[in-house]
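Engineer: Produce the entire structure from the sequences given, and follow the hints as far as they go.
Protein chains in written order, with this note's numbering: chain A, 93 to 391; chain B, 93 to 391.
Derived from the structure by calculation, the hints contain no laboratory data. We put the CB at the ideal spot given by N, CA and C, even for glycine. Among the clues, some could well be false.
[Unchecked claim] Short, incomplete list of chain B residues facing chain A, as computed with Cβ under 7 Å:
| hint | residue |
| --- | --- |
| 1 | PRO121 |
| 2 | ARG124 |
| 3 | PRO227 |
| 4 | MET254 |
There are 2 protein chains.
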Amino acid sequence: MNRLEKALEEAQATLVLEVERLLPESVAPEARVVQAMRYATLNGGKRLRPFLVLTTAALFNVARQSAARVAAAIEFVHCYSLVHDDLPAMDNDDLRRGIPTCHKAFDEATAILAGDALLTKAFEVLGGASTHPDPSVRADLVVALAEAAGHQGMVGGQMIDMLASTSKQPMDIPAITRLQRMKTGRLIAFSCVAGPILGKAHSNQRQALEAYAHDLGLVFQITDDLLDVEASTEEMGKKTGKDADQGKATFVSLLGVERAKAQAQALGDQAIKHLDVFGDCDAAHLLSDTVRYVLTRRN
Amino acid sequence: MNRLEKALEEAQATLVLEVERLLPESVAPEARVVQAMRYATLNGGKRLRPFLVLTTAALFNVARQSAARVAAAIEFVHCYSLVHDDLPAMDNDDLRRGIPTCHKAFDEATAILAGDALLTKAFEVLGGASTHPDPSVRADLVVALAEAAGHQGMVGGQMIDMLASTSKQPMDIPAITRLQRMKTGRLIAFSCVAGPILGKAHSNQRQALEAYAHDLGLVFQITDDLLDVEASTEEMGKKTGKDADQGKATFVSLLGVERAKAQAQALGDQAIKHLDVFGDCDAAHLLSDTVRYVLTRRN
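Structural biologist: Now the structure itself:
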């Protein structure tokens with residue numbers, strides 16, 4: 093196993109432990125919503141965002157427990173967004189990570205509530221005293237996550253995506269770039285600046301990680317579009333070929349497969365370049381390995 | 093106009109100004125979600141929660157701007173919960189405050205996203221530097237609101253309510269009290285402790301307001317159950333007679349109208365008693381007037 097695979101496995105284990113700690117099984121009358129929250133978060137995702145939090149936190153020697161809590165908070169937000177996006181009124185997906193989506197395993201009302209409660213829990217965790225001894229760091233994390241996840245960020249991006257799927261007007265590359273930056277890029281960027289926020293890093297270090305995250309987010313999206321064309325439903329654990337079926341404009345439909353691959357490669361090179369400021373250290377190596385991993389992923 | 097009506101009108105005006113400031117109209121591609129967020133919050137509700145924030149903040153001479161931001165944050169959470177509860181998969185309501193519910197005026201996907209974005213915005217506002225100069229106060233507000241709104245509070249209460257409507261097991265008074273305390277009581281309680289948190293009040297003052305809020309919340313719920321039996325859809329601006337139609341156990345179905353009224357009155361007297369610690373001041377008078385207002389409300 094290479095160092096990145098090892099670090100990803102460690103991040104997965106850390107995340108699961110932290111979710112178990114923050115969201116234990118309940119026997120209260122409302123236990124069903126807790127079960128659905130656990131179902132949506134303990135389902136073996138790649139945990140890319142928690143990994144990015146833990147790795148950027150390691151750059152600044154942040155206490156592991158602080159980083160683990162922030163990692164869990166981001167994963168709560170990521171998972172809530174998947175639960176709501178999968179709903180019949182949104183993308184209407186039955187399958188996620190190879191298992192039934194939350195509203196299929198439970199029901200729509202429970203899925204809506206579980207998503208709401210996961211989003212709420214993320215802020216409870218970030219604001220909590222055990223996340224960082226300095227309350228200004230906790231307040232900064234809360235605001236940064238809210239801005240990344242809200243109408244200016246992830247939710248706004250999903251709104252544009254929904255509108256694009258019903259509108260006759262095709263999107264161009266700048267419009268898709270903006271959409272993806274909001275829909276997935278902002279949360280990936282928050283995962284990468286969580287480290288410098290927790291570690292009270294210099295602004296040039298934070299900016300370098302923001303730039304890295306911006307490029308990485310686009311690489312991730314372009315490879316996602318490529319996989320939707322090239323991979324099977326079995327490999328991905330979710331339905332593929334959807335973009336073309338829906339006539340959706342993507343990086344691949346606009347650029348073609350070859351130019352999209354070249355674009356992903358160029359953005360990946362650029363992402364790695366931003367890491368120069370951190371010199372030759374383990375965490376920085378892991379972050380550049382991540383770019384190569386995303387470029388070559390098969391699911 | 094009496095002093096309570098004047099204070100309620102002032103709270104409404106303050107809330108509208110603050111929402112306009114925090115959520116201006118947008119011309120961005122995602123404008124639709126912002127429109128839906130504004131539709132859900134600028135629709136002339138009673139603004140009881142913002143009023144409670146402003147009034148309990150006045151007890152401790154908190155800066156009006158701080159209190160106004162927290163008032164808006166709570167109203168964002170209250171309104172998000174109404175938008176999601178009204179969805180077809182939940183209570184399936186077409187009418188709210190006399191106008192079409194958010195998913196009727198827009199569509200389900202937009203309503204889900206607008207609710208998500210309102211919840212997120214609430215935490216962005218609480219964490220923001222202009223809410224209070226002391227970051228530990230901001231972090232405390234974030235945690236307190238999240239605990240009140242999440243699976244331990246409002247969302248958990250809604251889950252129990254949904255389960256009760258499909259289950260054959262009738263609820264008893266302790267179970268309904270717990271449900272209502274979670275579903276509506278916790279957010280009302282947060283509205284009342286926002287003042288002492290912002291004003292760094294003594295713990296006995298905070299506890300007195302928590303006890304007041306607990307009783308007030310139950311009075312509010314019992315009168316809500318009574319209005320569902322006694323008021324018309326026109327008076328309420330939402331469908332009435334629903335509880336009986338659905339065979340739902342409420343304080344009124346279990347106690348009968350007369351005993352429910354007596355219970356509300358007794359809880360109201362107790363709520364007012366908790367205010368003794370604040371002596372003879374305008375804000376305390378407004379809080380006791382509020383109890384009488386809720387006891388005699390017609391909508």
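Engineer: Against this structure, judge whether each hint is valid.
Structural biologist: So, going through the hints one by one against the coordinates:
Interface restraint check: PRO121(B) against chain A, minimum CB-CB distance 5 Å, threshold 7 Å, status holds. Interface hint at ARG124(B): satisfied, since its Cβ lies 6 Å from the closest Cβ of chain A, which is below the 7 Å cut-off. Taking 7 Å as the C-beta cut-off, the interface hint given for PRO227(B) holds, the closest approach to chain A being about 4 Å. Annotation: MET254(B) was flagged as interfacial toward chain A, and the flag holds, the nearest CB pair being 5 Å apart, inside 7 Å.
In this structure, every one of the numbered hints holds.
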